[in-house]
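> These protein sequence lines are chains Z and V, in that order. Sequential numbering of the first sequence, starting at 1, is according to this note's numbering. Sequential numbering of the second sequence, starting at 1001, is according to this note's numbering.
Source of the hints: derived by calculation from the structure; they are not laboratory data. Treat the hints with care, since some could be wrong.
To be verified - With a cut-off of at most 27 Å between alpha-carbon atoms, the simulated BS3-like pairs for lysine-lysine come out as follows:
| # | chain 1 | residue 1 | chain 2 | residue 2 |
| --- | --- | --- | --- | --- |
| 1 | V | K1022 | V | K1135 |
| 2 | V | K1336 | V | K1216 |
| 3 | V | K1216 | Z | K92 |
| 4 | V | K1030 | Z | K92 |
| 5 | V | K1220 | V | K1201 |
| 6 | Z | K55 | Z | K162 |
| 7 | V | K1022 | Z | K92 |
| 8 | V | K1030 | V | K1336 |
| 9 | Z | K92 | V | K1206 |
| 10 | V | K1030 | V | K1206 |
| 11 | V | K1216 | V | K1201 |
| 12 | V | K1201 | V | K1022 |
| 13 | V | K1336 | Z | K92 |
| 14 | Z | K92 | Z | K81 |
| 15 | V | K1216 | V | K1206 |
To be verified - To spell it out: a stretch of chain Z is covered by chain V in this simulated footprint if at least three of its residues, at any positions, have a beta carbon under 8 Å from a beta carbon of chain V; those stretches are:
| # | region |
| --- | --- |
| 16 | 79 to 87 |
| 17 | 100 to 107 |
| 18 | 123 to 135 |
| 19 | 215 to 222 |
| 20 | 254 to 268 |
As the structure is a prediction and not an experimental result, all values here were calculated from the model. Every residue gets a Cβ at the ideal spot worked out from N, C-alpha and C, and that includes glycine.
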Amino acid sequence: MADILQTLILGLALGGVFALMGSGLSLVFGVMRIVNLAHPVMIIAGAYVAYWGFKLYGIDPLVMLPVAIVILAVIGILLYKLVFEREARSAKYSEMTVLLTFAVAMIVEGALGGLFTNTQRVTSPAYATDAIFIGDVFIPTGQLYAGILSLVIIAGLALFLKYSRFGYAIRATTQNREAAELLGVNVSMVALVSFAIGIGLAGAAGSLVSFVFSFFPAKHWEWIAVLMSLVVLGGMGSLLGTVVASFLLSVIAAFVGTYIGATWSTMTFFLALFLILLVRPQGLFGEKPELA
Amino acid sequence: MMSIAFQDTSNVLQARAEHNAKLALRADRKRVTWFPVVVLGLLLALPALQFVGNYNYVLHLILFTACYATMASGWNILGGFTGYISLGHNVFFCIGGYFAGMILARYGVSTLVTAPLAGLICAAVGYLIGRITLKTRGPSFIISSLALVMIARILFDNWHFVGGANGVALPANDLSVVWAKLPYYYAFVVLAAAAVFVSYKIKHSKFGLGLRAISKDEIKAESAGIDTRTYKTLAFAISAAFVGMAGAIWGEYLTYIRPNIFLVILVSVNMVLMCILGGKGTVAGPVIGAILIVAFNEIFVATLGSSELNILASGLIMALALMFFPLGVIGTLAAKHRLPRILNWD
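This is chain Z alone, in the form it adopts within the complex:
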């Protein structure tokens, strides 16, 4: 019984972090219809921001989080201006952008690898290795903090989308780009800002990830499929869907890891992605099969 509870807690703790990792991806797809394969490598870049802040100046990764958001958001704006703005009217837009983001992922991975080498890194603030014991079960504090903070950030994003005027414009663009444009929404501005927010969220996720997982530039290939499974299961573009899917899959993965074997735990995400794409490509909360 304690085993089951323990596995459940570990799964839930990671679920929050996964939700934040996937939310930026979901937002960018919702507004711009870009399947951003470069999102995971941006998370790694954010993790490096936190890592160097911690390593060089001893700054806590949680303090570095806003810095990582700003740096990554600026990178996002540059990327949008340089690459995606001119592709907006391309005929095979969705396929083109997948391949382009794939190329961007390679560029960033190569740059990070060239600058910082491919050794495994992790930031180690005191709480990262600590745990809270409740009876027989323990909660790792690092994952707990990361999970809670992730949910706070996602809640902030949801409130921004729901109640601010700009969030309203973003949601309108997600629902129907042409209609939003007709009603006077500056669609390209919305796209730029939500792309920057999306990549900024990758930065936030990165600084949390930096003390939850060990990372190195080439690790993002694994995360591409993991994050895709979350976002596709949740329904591309649905924030709530991404959160639900993250908790669901990360709990399943935790159980697979405990009872079948740690190597098979990531397999859960890959198989899930495969199955969802085939059985229900619109995901849990998606309305129509956008991706198919």
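Chain Z is fixed; fit chain V onto it per the hints.
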């Protein structure tokens, strides 16, 4: 009335058939068939250089190019003709390599003999996988192909029968250093020629026409009576077969099979990149792309010598090619009516 209408139709159809035959004849007369044949002849005669010195490096480069030309041409059948971009074709490179490699390691049968069999196995696996993943389209097909690589990587890393992540060492052949590369050289040159020939044949068949229709608009193709599902699954199987055969021989050439030789992202990226750079959906494109990328890699690795920078450079080339050069060398030249006739293999 009816009979007259029918008579008219048959006349029109006959006239059209005659017109088409005339066009085809004209195209055939303009086609420079001798050029690829001469290139192939030169490549087959080239190892004679070994009598006067040691040109193993030259042979290696051509062998490597031919290996990638085979794979890129194979990829092109699915990615270029049919329009389904797969980033996971190195899975078949891996399956082919492991199938033939394990037979070599256990029973000592050379992969040169088992390569066609490896091709068949990969075609069968490709057919089954294609049956499932080709239900998706566009971006989700690309994502599912990436997931396939991840699944294959975990399976091969943990499959103890084939040595897990450490892989299996294969016996080297007992030829002298000067001649050791020759069997693989000839195998790859013949494979590349076969891949180009099959691409050409497919492009000029009803099957190829159906594939191109699918890449333009699948729903219209379906409603025009094309069995799209069978067509694209067959295209998947054929392209998997070529990649698998290349993998089979590549394993013996390296005398080692290991997941991180086959299942690295750079292998599948190279296939895609060669086709985009050379010209997606053309017969000569993948070959031109293979020559360009192998030459570029050779210069790049020789001067900078780092795999990280190699990834960076591949990404840069891919992004720039997609943004400014989407038709590739052959496609761009053809669009400007500047394509030299010796490169028009379509």
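> Does each hint hold? Answer for all of them.
Hints versus structure:
no., hint, result
1, V:K1022 x V:K1135, "violated (39 Å)"
2, V:K1336 x V:K1216, "holds (21 Å)"
3, V:K1216 x Z:K92, "holds (10 Å)"
4, V:K1030 x Z:K92, "violated (33 Å)"
5, V:K1220 x V:K1201, "holds (24 Å)"
6, Z:K55 x Z:K162, "violated (38 Å)"
7, V:K1022 x Z:K92, "violated (35 Å)"
8, V:K1030 x V:K1336, "holds (18 Å)"
9, Z:K92 x V:K1206, "holds (25 Å)"
10, V:K1030 x V:K1206, "holds (22 Å)"
11, V:K1216 x V:K1201, "holds (20 Å)"
12, V:K1201 x V:K1022, "holds (19 Å)"
13, V:K1336 x Z:K92, "holds (21 Å)"
14, Z:K92 x Z:K81, "holds (19 Å)"
15, V:K1216 x V:K1206, "holds (15 Å)"
16, 79 to 87, "holds (count 3)"
17, 100 to 107, "holds (count 7)"
18, 123 to 135, "violated (count 0)"
19, 215 to 222, "holds (count 3)"
20, 254 to 268, "holds (count 4)"
Hint compliance for this structure: hints 1, 4, 6, 7 and 18 are not met, and every other hint is.
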